[in-house]
Amino acid sequence: MATGPVVDQLANEYAAAGQPVVFLEQNVDAPLGNRIGRWWAAHGPGSASLPLTMVDSGHQISNGYLGNPGAYNTYKAMVDAELIRPPQADLAADGRRVGNRMHFDVELTNLSGVALSTSNSATVHALVYEEHTPVDPNVDHITGRIVRAAVSTGVSPALAHGATAVFTLETAELSNVVDWGKVHTIVLVDYRPAGSSGAYDVLQAVSADTTPALTVSKRAIPDPVQAGKPLTYTIRVANTGHTDLHATVRDTLPAHVTPTGVLTWTPTITAPGGIWEHTFVVTVETGYLGALVNQVEVTTEEGATGATVTVSNGHKIYLPMALKE
Amino acid sequence: MSRLVRVFILLSAALALGWQPATTQSQVAAPPGSAALAQSRLVALETFMRPG
Chain A
6 MATGPVVDQL
16 ANEYAAAGQP
26 VVFLEQNVDA
36 PLGNRIGRWW
46 AAHGPGSASL
56 PLTMVDSGHQ
66 ISNGYLGNPG
76 AYNTYKAMVD
86 AELIRPPQAD
96 LAADGRRVGN
106 RMHFDVELTN
116 LSGVALSTSN
126 SATVHALVYE
136 EHTPVDPNVD
146 HITGRIVRAA
156 VSTGVSPALA
166 HGATAVFTLE
176 TAELSNVVDW
186 GKVHTIVLVD
196 YRPAGSSGAY
206 DVLQAVSADT
216 TPALTVSKRA
226 IPDPVQAGKP
236 LTYTIRVANT
246 GHTDLHATVR
256 DTLPAHVTPT
266 GVLTWTPTIT
276 APGGIWEHTF
286 VVTVETGYLG
296 ALVNQVEVTT
306 EEGATGATVT
316 VSNGHKIYLP
326 MALKE
Chain B
23 MSRLVRVFIL
33 LSAALALGWQ
43 PATTQSQVAA
53 PPGSAALAQS
63 RLVALETFMR
73 PG
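Those sequence lines, one after another, are chains A and B. Following this note's numbering, the numbering of the first sequence begins with 6 at its first residue and continues without gaps. Following this note's numbering, the numbering of the second sequence begins with 23 at its first residue and continues without gaps.
Possibly wrong hints are sitting among the right ones.
[Stated by the list, open to error] Quick partial rundown of chain A residues pointing at chain B, CB under 8 Å, derived from the structure: (1) T8; (2) R40; (3) I41; (4) N143.
[Stated by the list, open to error] Selected chain A positions facing chain B (in silico; Cβ < 10 Å): (5) M83; (6) R90; (7) P92; (8) T148; (9) I191; (10) L193; (11) A210.
[Said to hold, decoys possible] Derived CB-CB ranges, DEER-like: (12) B:G74 with A:N73: 12 to 22 Å; (13) B:G74 with A:V286: 55 to 65 Å; (14) A:G167 with B:G74: 45 to 55 Å; (15) B:S62 with A:S124: 26 to 36 Å; (16) B:G74 with A:N181: 16 to 26 Å; (17) A:G295 with B:S62: 47 to 57 Å.
Since the hints were made in silico from the structure, they are not lab data. Beta carbons are placed, not taken as given, at the ideal position from N, Cα and C, and that holds for glycine.
Between the sequences and the hints, there should be enough to build the whole structure, so can you do that?
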């Protein structure tokens, strides 16, 4: 078995077990950011065979084709050894999409016991990756999770043990994303324990994914409405998450109004707190006295969805109220 | 000195020295690094490959 399927198999196994492990691929000929430099810092000068593999910024590395079960056992042992190490920093990260960039707000508390600074190459990294099955492993990439961007910033001024600092990172415009709904982010902080040379090590890494969220509502005025009269609908979608939403709003109008059918809009609703509102008027069919049922569905590229059903001229039913103390 | 006065003096002295009645919950100091240990650790395995 080639290395790619082994990595995918491990990714699936750790995900199924609920273990906090991510498997990321980069093209060795077009590496993003300074991540590949971490591998070489651990390896030192000389040549190496592909693939180059590392955990925790080079705390452990591997290289060369290992076959199967060699690759499976080696990579699993590397990951398992890192999982049981305690973190040496408290890290909170919020990654959100702004246009076609990813913006990160990071808060780092140093618990390593040493000051973090440019003297020990302490760095905060943000990695953007996409879950994407390669169309052609000979052309685009090999495994199911490909890095789309890698940005970093040094820890400067020095951060003493116990101190907290905030960092802001942002990628360039990302034109290589196929499906924004499958984009994920992690933030990690690493440093060189030996000082200005030698291998790097990760103090802590966390997911920076934020859950996109929205609310949708629709108002119908007047209610009840008389046959043959205008009815004004107002649809309102609010972005309640931290990520810009690229939405499709689909309104299925009642059968007995003009116009009828399905109306569709594709707004971009910015975060935080962006609101998209649309008002339009329909006319109720002459002589129609029944209920008018209208359904609005919202889907987004980011995965957040919402729906609401509005009933005009519905019959009101009064039920006895039951109280429980 | 009455027994009641002696008890009052002893209790006042004990309170002055920092003793707290059993009904007061004592605070337990968190061990160093416990904040970090409470946070889960994410491990990233990164591979650099050549398509093809």
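Hint by hint, here is what the structure shows:
| no. | hint | result |
| --- | --- | --- |
| 1 | T8 | holds, 7 Å |
| 2 | R40 | holds, 6 Å |
| 3 | I41 | holds, 6 Å |
| 4 | N143 | holds, 5 Å |
| 5 | M83 | holds, 7 Å |
| 6 | R90 | holds, 7 Å |
| 7 | P92 | holds, 5 Å |
| 8 | T148 | holds, 7 Å |
| 9 | I191 | holds, 6 Å |
| 10 | L193 | holds, 7 Å |
| 11 | A210 | holds, 4 Å |
| 12 | B:G74 with A:N73: 12 to 22 Å | holds, 19 Å |
| 13 | B:G74 with A:V286: 55 to 65 Å | holds, 59 Å |
| 14 | A:G167 with B:G74: 45 to 55 Å | holds, 49 Å |
| 15 | B:S62 with A:S124: 26 to 36 Å | holds, 29 Å |
| 16 | B:G74 with A:N181: 16 to 26 Å | holds, 18 Å |
| 17 | A:G295 with B:S62: 47 to 57 Å | holds, 55 Å |
The structure is consistent with each of the numbered hints, conforming to all of them.
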